[in-house]
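S.K.: Numbering-wise, this note's numbering comes out as the position in the sequence shown, counting from 1, plus 6.
Be aware that one or more of the hints could be misleading.
[To be verified] With a cut-off of at most 30 Å between alpha-carbon atoms, the simulated BS3-like pairs for lysine-lysine come out as follows: (1) K15 with K27; (2) K27 with K97; (3) K97 with K15.
Because the hints were derived from the structure by calculation, they are not lab data.
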Amino acid sequence: MSCLHLLNKSPSAGPLDELCKALASGDGLLLLEDGAYFLNRPEELAGLPQGLSLYFLTEDLLARGLSGPLPANAATVDYDGFVALCASHHKTASWF
């Protein structure tokens, strides 16, 4: 069963060790709110498991003035895409 993980914490909030233990192949990770700052810290995302889908919320990137290339395995989604992601996964887990 796939899970959509929602992370709103910035990279400065600490390492992703606990989150990484909960991630599995086939899961999704949506970086929103201050989690959007991971766009500028791709090395922090290097330890994510293979087969994980990574997403950034477009509105949060824009609100924070963030731009630049996405990590190779990442995509952006708007609010409608956020809803679609929630509907396409069996459950969601918030890491707030």
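S.K.: Tell me the hint numbers this structure goes against, listed in increasing order.
M.R.: none
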